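**Student:** Sequence:
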Amino acid sequence: MKDVFVSPQNFAAVMCFKASLLKKYRTVNCIDIGDGTVDLLVIRNGKPDLSVRVSDRSGMAVLRSEISNAIQQNYGIHLDSSDVEQVLMQEETILDEEVIVEIQRMAENWLQRIINKLHTHVTDFRTNPAVFLGGGSLLLRKQIENSSEFKYVEFIDDVRANAIGYEKLTAARLRRG
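Taken in order, the sequence shown gives residues 1 to 177; the numbers are from my numbering.
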C-alpha cells in the first residue's frame, strides 16, 4: 500500500455533490441518516470541523423496528421493512389510514429525537444550511422538509454519495501527487 487518504464521513460526498454550498456559506451541517447510524459533520470554511463529529447508532433500522413492533402490538399487523419504507416514501399501500398516520407520526417523533441528540453538538440548525444524505434521509424527506428545526435544507439523492465522493476526492489527490 502506497498512500492512504482519510476523510470524515460525509465530507467527500458534500464536496462532490454540494460544493457550491460550501463556497456560498461559511458553515454547512451535514447529516447522513443511514441504516445503522446517524452521522453529523460540520464543515466550516470548506474544511471539516473535527471538534464536531457525531456517529449515533440510531439509524433507520431502529426506526423500522420500533414501527414494526408498535404496529404489531397496537393493530396486530406484522410489517416488514419494505412495508414501512413504502409508507415513508408515500407510495401506494392497502394499509388502513390509521396505520399510515401512526407510521408517519412515529417517523416524525424519531426524527425529533435524533435532532434533539444532535443539538448537543449544533445548538440551532436554523442558522446554517443542512445537507442530508443517506438512504434514511430519502425515506424521511417529508418529515425533514416539514420540520421547523431547519431553515434551509438540501438533499443528496444518490445513496452511494459517500462512495462516489471518496472515489473522486482520492482521484483528485492522486492527480496532485
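Please keep in mind that the hints were generated in silico from the structure rather than gathered at the bench. Fair warning: there could be bad hints in the mix.
As the list claims (entries may be wrong) - Simulated crosslink set (PhoX-like; lysine-lysine; CA at most 20 Å straight-line):
#1 Lys117 with Lys23
#2 Lys117 with Lys168
#3 Lys2 with Lys117
#4 Lys117 with Lys24
#5 Lys151 with Lys23
#6 Lys47 with Lys142
#7 Lys47 with Lys23
#8 Lys24 with Lys2
What the hints assert, rightly or not - Quick list of simulated restraints, FRET-style, between CB atoms:
#9 Thr170 with Asp96: 27 to 33 Å
#10 Asp96 with Asp124: 34 to 40 Å
#11 His119 with Asn74: 43 to 49 Å
Computed from a predicted structure; not experimentally measured. All C-beta atoms, glycine included, are put in the ideal place defined by N, C-alpha and C.
**Student:** Give a verdict on every hint.
**Tutor:** The hints, checked one at a time:
1. Lys117 with Lys23: Violated, because 28 Å separates the two Cα atoms, which is more than 20 Å.
2. Lys117 with Lys168: It is violated: about 31 Å lies between the C-alpha atoms, which goes past 20 Å.
3. Lys2 with Lys117: violated (39 Å)
4. Lys117 with Lys24: Roughly 27 Å between the alpha carbons, so the hint for Lys117 and Lys24 is violated.
5. Lys151 with Lys23: Within the cut-off at roughly 19 Å; holds.
6. Lys47 with Lys142: Outside the cut-off at roughly 29 Å; violated.
7. Lys47 with Lys23: holds (11 Å)
8. Lys24 with Lys2: violated (35 Å)
9. Thr170 with Asp96: 27 to 33 Å: Violated: the Cβ-Cβ distance is about 49 Å, outside 27 to 33 Å.
10. Asp96 with Asp124: 34 to 40 Å: holds (38 Å)
11. His119 with Asn74: 43 to 49 Å: violated (30 Å)
When held up to the earlier numbered hints, the structure conflicts with 1, 2, 3, 4, 6, 8, 9, 11 and fits the remainder.
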